[in-house]
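Q: Given two chains presented individually in distinct reference frames, assemble the corresponding complex, making use of the accompanying hints.
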Amino acid sequence: MRAEEVLAALRETLGERLRNPEVRAETVGYRRPRERACLWAEIDREDLLEAVRALKELAPLHISIISGADVGDRIELIYHFGVGYGTETGEVMVNLRLTVPKDNPVVPSLCGVLPGAQTTEREKIEFLGVEFEGIPDARKLFLPDDLPVHPWRKDEPELAGYVRRTVAWEEKGDEGKGEA
Amino acid sequence: MREKVKPEEKAEANELAPACPAWFEVPIGPIHPALKEGIRFTFWIEGERIRKVDIRPGFMHRGIEFMGTKRNLIQVLYLAERICGICSISHPLAIVQAVEQAAGIEVPPRAQYIRVIIGELERIHSHLLWAGVAAHELGFDTLLHYVWKVREPVLDLLEDLTGNRINYAIPIYGGVRRDVPPEKYPVLKNALRYYRSLVDDFVNFFLRDPSIEARTRGVGTLTREEADALCAVGPTARASGLRKDVRQDWPYFAYPDLGVRAITPEDMGLEVRGDVYDRIVVRLLEVVQSIEIIERCLEEMPDGEITAFPKVAALLAHLKKAEGEGIGRHEAPRGEVIHYIRLQADEEAPVVWKVKAPTYSNLMPWYPMFRDQEIADIPIVAASIDPCICCMERVQIVRGGKEETLWKEQLLELSWAKTRRIVRGLNPARAARHASRGGADERR
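Protein chains in written order, with this note's numbering: chain A, 1 to 180; chain B, 1001 to 1444.
Calculated directly from the structure, the hints in this document are not laboratory data.
Beta carbons are placed, not taken as given, at the ideal position from N, Cα and C, and that holds for glycine.
Treat the hints loosely; a few may be bogus.
[Unchecked claim] Among chain B residues calculated to face chain A with C-beta under 8 angstroms, some are:
id : residue
1  : Ile1064
2  : Pro1108
3  : Tyr1252
4  : Val1352
Next up, chain B with everything else stripped away, as it sits in the complex (with noise of 0.2 angstroms):
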């Protein structure tokens, strides 16, 4: 399926590309359907290097925010549930603070912690994910293997916590509709246990491999003074040294309880470099820290009602008479997620609703990441700030009129080649075998 450029919109996106004849436009995406996130980016590169990039998400738009505006709250919740497939708490987790703070529920404290909870574990299995998904964009197809092999406790942790794997159904206004009760602490501690015996495994595959380290060190790098201006959110602020976490910053749920703080490199105590290497180091710290505050959750947790309207009838009927606005923020492990709600009384459907999810803060802060990379790198980069896409199906290349299609398996192919040109590289014995030969420099 190729893609349709009527001849407009081409002339508008040529006048972005300055006037420079070595460059070559490099579309790439816009979607794989698959995966919830479609997005087109389109290079212009000299030689090997990116000088351009321009970025259109929007594939993939599907008016939720105005199907919101058609519901009641209790449809919304749900409605919001389905924003994101990987972290799908975390909307909901912020549409229950906004309409709490606009209809002035209290929430019992149980419930707080609860909430946590399976935010913190959804956490975990949200990085794992991204630890495979970047093993794999390197060509460590093992590595992807295994990190998704431990990622399955979690998994069925939540389902048997939750009911479900994804999709858990489990904040409501005023609380939560299921307990986590003292007889599943164990189970649940156990495979606590579990994750935190794989972090040194974890600490060797991805920080202590040469090959990841020549791959991942020096690409993609976001200055603090980028992500800061850019408003970049979640591990891709923190890899570049910002401490901004609005577990920390404004503090929610049972959070300022416990202690929570950002994490950056620093914290293992390496230099701030905001690369791709960075955010591996920033995710791995935050899965132990997500293992601590759970641990801490379950010590501190108390007793109670674990929902202020018990009676779903009664939580409508005090939905409608509602009248405010409010926001709600959390931290998804990709970064803030935000809502803002109005609502009327006598309606049953909120007024306004508007979401941020964190891709969208971290859209911008694509732009310098992508600067002066080489081609190879771009599926590393693209993963690295977490996106919620991965949908690389092919590449075009058009020179001088004539079309051609780089499928993903051959822009893969690039990446791996790369790390193999690396590793060899790295071997010192190969290395020297290579250069007695006389043979080409294959690292380049």
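For reference, chain A alone in the conformation it holds in the complex (with noise of 0.2 angstroms):
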């Protein structure tokens, strides 16, 4: 598989609403030196489960993770697949990032498509406040059932203080001394 093929059927799928695809090719190896490729781009929460059907047709399809940062009054999360894995260097990692509004933090679940989605997107939904609709199962998965906040997101008002009296040895440095 290409980065080239992957994009084409991508924007086959998906027209304008892909945005800024880029293809980050690298050459790795020294004797029989190769090309390995990522693809990245922006689509809206809407598109992205026919995007990742669209993936799953091409080629055998493989959920890495998906990453997440609190950027501001949005909530980004980039899925990042492996497309095409079982042939040398015949994977290309695909990195779909789409961004929601923190007041409806609302994505489709994977879980439907791609069943191996399910613990990444409990992960986000403890740690970032999405919500992943469609999920079987989004209870807690690594963080306590009573904790009161998303450790990721920067507008925790009760993160700073629960930090600190958690981690009580964490306040050494400066950082997080004089907050909450």
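A: Printed below as a string of structure tokens:
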């Protein structure tokens, strides 16, 4: 699988709704140099399922992880997929970026298309407060059931205090000293 | 120490179990504090068979990603090394790739070969460690002690090369911190010869032993379709017949030169069944593969620099100016490790850092593996994905409001007793004697 093929398939499915697609190629190896590629693109949450279905039709699909960040008044999620595993240098890392507003952080769940996404979606629920529509199991995964905060949110008023209480030894540095 | 369950949680847990009065709820776990990962399994049992399982990790979550975003990148590297105690080089190897991609750092070829050598030595020690644990879970403590004895030389070798038995602190952004000088090659080659000479023994002990076969064939099966849909990684995926290996699919370091191919049981001429036995096959073959990779590295490794930044201060200054994002992936002994990192100019700490360890991906495949297995097979099925947990300290059985506790020893005893039953069953003379006495069929 080549990054251009993946890009073409995504373009065909989403058209103009696939924004800023960028193929970042690297050469790896010394005696037998190979090209290896990452595809980065932005999409809207409404198009996520369609995009993932297109990827799944194209080649064996693996979800590595969803990474996320609090970027001001929105939450950013990056879906890192491996498309086309099974052959030498045959995998393309497809990184689909989408943002959701904090007052309505709902994203469709991938579990119907790719059940293996459940672990990482459950992690995003507790760490970022994102909701996944249609996830079969939305309970806490890694964090205590009674934890009141989403640790990766930067606007959590209780977070700094919570961190200070639970990991008092962290106070040694200047981080978090005068906060909360 | 009994597990306290709040009434509302209890209610939630019970909702998971479809109403069937014949099912018993058997929680296992959550933790043994000496192990780096704690986990709680809740099984719903009908007779001896597991009908449903619920898995709750999170007892050992340390918030390392959160801590990482408060530290400079060099500190983050050492923090990453401490994510996993067994495959302690896997996370540094992934994060250096991510940062090198984000900051545009070129790595000298020799450093890439050294990274491969240390990574593969780690695979040998990790797979041997797993083989010992698996033998113990089946009741073969002789084999456990044998395997762990022969694992010592690779740890000694790692200590000789890096200074540490574990947490080698070898990779750094832009290269490695220590060379493997040519005078060490004989030591390395000796160790590789030693492990090569042991391969036949391992095949005999693990793959030709009728009682191991009886305990692992058809146990904890994960079909190819399930492995694909649930995104299993590492030997767990390969034992189910998926040729999925980051070293092959998305090569990095010197791996493209070495031509690594993903190993499945087919490479030993076996039909893929995706059970625990197949996972043993794959791991044993991977030990051989690692030996071959290191041998090739020693032959092909070029001379030259081992790092792009001999001075750490220059490296830190470069990283502070760097802006961008990158992903780094490594095929750890247990499967794919991926790190995503985002750097911002004038920020010493990464803005975003996401880590994924292999057991994370192999959590979902556990569900089909446990389905319809026996209670006595829980330890080996749980261990078969090589999780970083062996924390079955106790089992609590709640029956009609009364609680009984099964300790780890009793659970292991159940497992060993099953092995003994099978061994007796495999011995035709004993079986015949047994039958002539008209005794109950102990094999069930």
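Q: Please go over all the hints and tell whether each is borne out by the structure.
A: The hints, checked one at a time:
1. Ile1064: 11 angstroms, violated
2. Pro1108: With Cβ-Cβ at 10 angstroms, over 8 angstroms, it is violated.
3. Tyr1252: At about 6 angstroms, which falls below the 8 angstroms cut-off, the nearest Cβ of chain A leaves the hint on B/Tyr1252 intact, so it holds.
4. Val1352: Given a least distance of 4 angstroms, the restraint on B/Val1352 holds.
Checked against the numbered hints given earlier, this structure breaks hints 1, 2; the rest are met.
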